[in-house]
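K.L.:
The chain contents come next:
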Amino acid sequence: MQKITTMLFLALFLFAKPGFSQFEDRFSYLNDQEIQSYVKPFATSLGVAFNSASYHDADIADVFGFSFSIQGMYIMIPDDQLTYSPNLPNGYSSDNQTATIFGNKGGAYSGPDGFKVYPPGLNQTSLPAGVPQVTFSLVGTELLVRYFPSLSVGDEKLSMLGLGLSHEISRYIPLLPVSVAAQVIYNNFEITNLVSVKNLAFNLHASKTFGLFVAYTGLQYENTTLDVTYTYEGTDRNSTLDDKEMSVSIDGDNSFRFTLGGALKLGFFHLNADVNLGAQTVFTTGLTFAF
Amino acid sequence: MKYIYKFLLVFVGVISLISLSGCDGELPLNIPFTKEFVLNGSIPVTKTETVNFNDYPEYQDNENKIKDLNYVAAAFRVLQLDNTNLTANITVVIKGGGLTLFQRTLNNVRPADYMTNPYDFDLNQSEIDMVNTYLSLTTNRTFEGTVTISGPSGTVNARVAVDMVLEAVTEM
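Protein chains in written order, with this note's numbering: chain A, 1 to 291; chain B, 1001 to 1172.
Watch out, some of these pointers could steer you wrong.
Computed from the model, here is a short list of chain B residues facing chain A with C-beta under 7 Å [claimed, not checked]:
1. T1116
2. P1118
3. V1165
With beta-carbon atoms standing in for the labels, derived distance ranges [to be verified]:
4. B:Q1060 to A:N188: 58 to 64 Å
5. A:S94 to B:D1082: 29 to 35 Å
6. A:S94 to B:N1157: 54 to 60 Å
7. A:Y147 to B:N1117: 32 to 38 Å
8. A:K244 to B:D1113: 33 to 39 Å
9. B:E1026 to A:R171: 39 to 45 Å
Source of the hints: derived by calculation from the structure; they are not laboratory data.
From the three backbone atoms N, C-alpha and C, an ideal C-beta is built for every residue, glycine too.
In isolation and in its complexed conformation, chain B is listed as follows (with noise of 0.2 Å):
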């Protein structure tokens, strides 16, 4: 696929008398990242992960080159869950630096909803900024996630995942 970029690359510098009007040397990459949460035990369960961005191969293949990375897209799914008629509440927490950057409680859902229906974020402008404002500000590329699952007692054993899609703006 490469040739492809190789062959555009060639074909607009080469039968072009002038350079790309338009690019400023910077190309756009989606990195989407996934961290996933195991809870098992009984309700009120709670689990904390941290998302280091080195861990995924398309962030690390770009490091060097990243000048900028913007929030895109959030969203939280169940993966697998035993009791798939379970309701109880989610409380999803992500946060950076130890400052809270966006959380989001579900009430009395069914989780196995979630399992071909993931939950988007849908983040407001503040948060988007709030994350922004983050990344474009720590050096330490972690988030870090918490995920809570209450409501009526009993027991659950899920494993569940918060999704995150980043636009790294990268030099070419």
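For reference, chain A alone in the conformation it holds in the complex (with noise of 0.2 Å):
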């Protein structure tokens, strides 16, 4: 699993490397303010994406458990995380939007100084993820665990880590109808360095077993904040901030979802799938291999 975790870490930077130049003049001349426009849409997704799929069952295992899943998503990026008012400068205003880091078109502003342009977007309305995870349970409580291997990316590390903790408390109400769970889940994404991304959840999730279905809802609290590091390069007429290296921290819009889904679960596997409803719309489905 971790040579090939590694050979795609290496294979997509090989194939993002060329890609890099390109990006390295064009944003630089967003203002603290502006990067936090232009990024919080995908702070957002991060957060969606992390603190998805941490559960398809609040009936956990009395003695002993184990599972392996790989859980992947789809999240629906809303019109109106594509674009933003910027922050213009004394002179200058805006009849128009432009685009956040998943818009298409980038805005051009005519002023006193001349057009003060701004990047594009990536032009995306959805963004597939997926992360595995593992878990393991005793008596009623279970332990999750996500992580990629620490690797080198350029000079810089790449790491990830997740854990999730869940207690059923059902099993201290007797005759209640449904599985009861709550959980709280934590998860770290790091270049170390240059960004880093913490998310933590917090859900009350419930389920419902019917032969090999399992019904499943939850309510979850979360939020996300991705901390990041770039050089300001551009000239705001009304700062003396050129060329500064500039620390953003960047809360995503995520707080409150809810869930509802469906499991098969056919022996020592299971099939899942569920639709979050939040900040970002997120579908998620998951194979897992329990006993």
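Since each chain sits alone in its own frame, please combine them into the complex, following the hints.
P.N.:
Put into structure tokens, the structure is as follows:
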């Protein structure tokens, strides 16, 4: 698994490398406020992805359980997260909005110092993602682990670690017709000295088994913070911050979600799918090997 | 800042089991061009300048990756003017390959007004098509601009600029 993951990392890095120089010059003139607006939908998507697919059954093993799963996600980017109103200098006005990182056309606004232009986006209205995870359960408590091995990306290290803890609370409530569990999840994705994403989520979820089928639902509170450092090279008429290292902390818009889904338990294999309604709608599906 | 994109690409790639579904390997870039014109002397006074795209680092840096160029916006502004009370006619003509792509005449205007509030050319669709067609056909990446100040007798000492933004569609 590590070898496959490492190869995937390397292949993608090599694929991406020729494009880096293109990106280098076109975004460095966004100031700290503009970079927040530009990147915020991406921070939200990261949070939505990392905080998804952490459960599909509230009935946690009484003795011992183990599972390995691959969870896939399909995140829908809403229209209002494709553009934003730029923070223009005095003397400039914006009739039209400009693209966020997921939007399309970058804005061009004329003013006394010439045009102020903004970067385009990736023109994406959806984003696929996937994450592997394992769980260990014991006496109604389940530990969830998501992990990518540390990998060198240029001079930096890329790593991901996610931990979750669930406890079935319905085991203390006799005759309750559904299983109910509470869960806390923490995920950290980091490229050292460059960017760090921290996600924290709390949820209460319930499930009901009908033969091979499990229906499940949940309510979740979550937050995501993306910290990024970059060199601001722009010329802001109201600022003397040119060529300054900037550290920006960007909070995702994701704060609350409702989940509804179903799972099919076929012996050791479980198939699940759910929809999550929140700041960005995300559809997830997973294949789990469990015993 | 490049690291944001490095991170983005790595993230999207690494945790995606599917490649970017809507990404076709193209990335647009807005490139601003500004050409200054110095107009000194007795009215009417005319100045012609050539805008060579290769004089602009942002174009140079991406030249080999540019697949297509499209018009986005253009504006005229006054940078410096000795007589701020002057009222005159201003004509701006932009040509490509000897062909007039668009032109505007501003009659009886105060050039000083355009120091803080640029004039937006706001091209109509046929003019935009003319510019885009020129950009798609020519390998000679230049525009020729002419600015004329006419009207009352007298002298003028001005520095003006024509700004243009082109969208360069580049290969990733």
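K.L.:
Look at each hint and say if it fits the structure.
P.N.:
Verification of the hints:
no.: 1; hint: T1116; verdict: 5 Å, holds
no.: 2; hint: P1118; verdict: 5 Å, holds
no.: 3; hint: V1165; verdict: 4 Å, holds
no.: 4; hint: B:Q1060 to A:N188: 58 to 64 Å; verdict: 40 Å, violated
no.: 5; hint: A:S94 to B:D1082: 29 to 35 Å; verdict: 32 Å, holds
no.: 6; hint: A:S94 to B:N1157: 54 to 60 Å; verdict: 33 Å, violated
no.: 7; hint: A:Y147 to B:N1117: 32 to 38 Å; verdict: 57 Å, violated
no.: 8; hint: A:K244 to B:D1113: 33 to 39 Å; verdict: 35 Å, holds
no.: 9; hint: B:E1026 to A:R171: 39 to 45 Å; verdict: 55 Å, violated
Hints 4, 6, 7 and 9, counting from the list given before, are not met by this structure.
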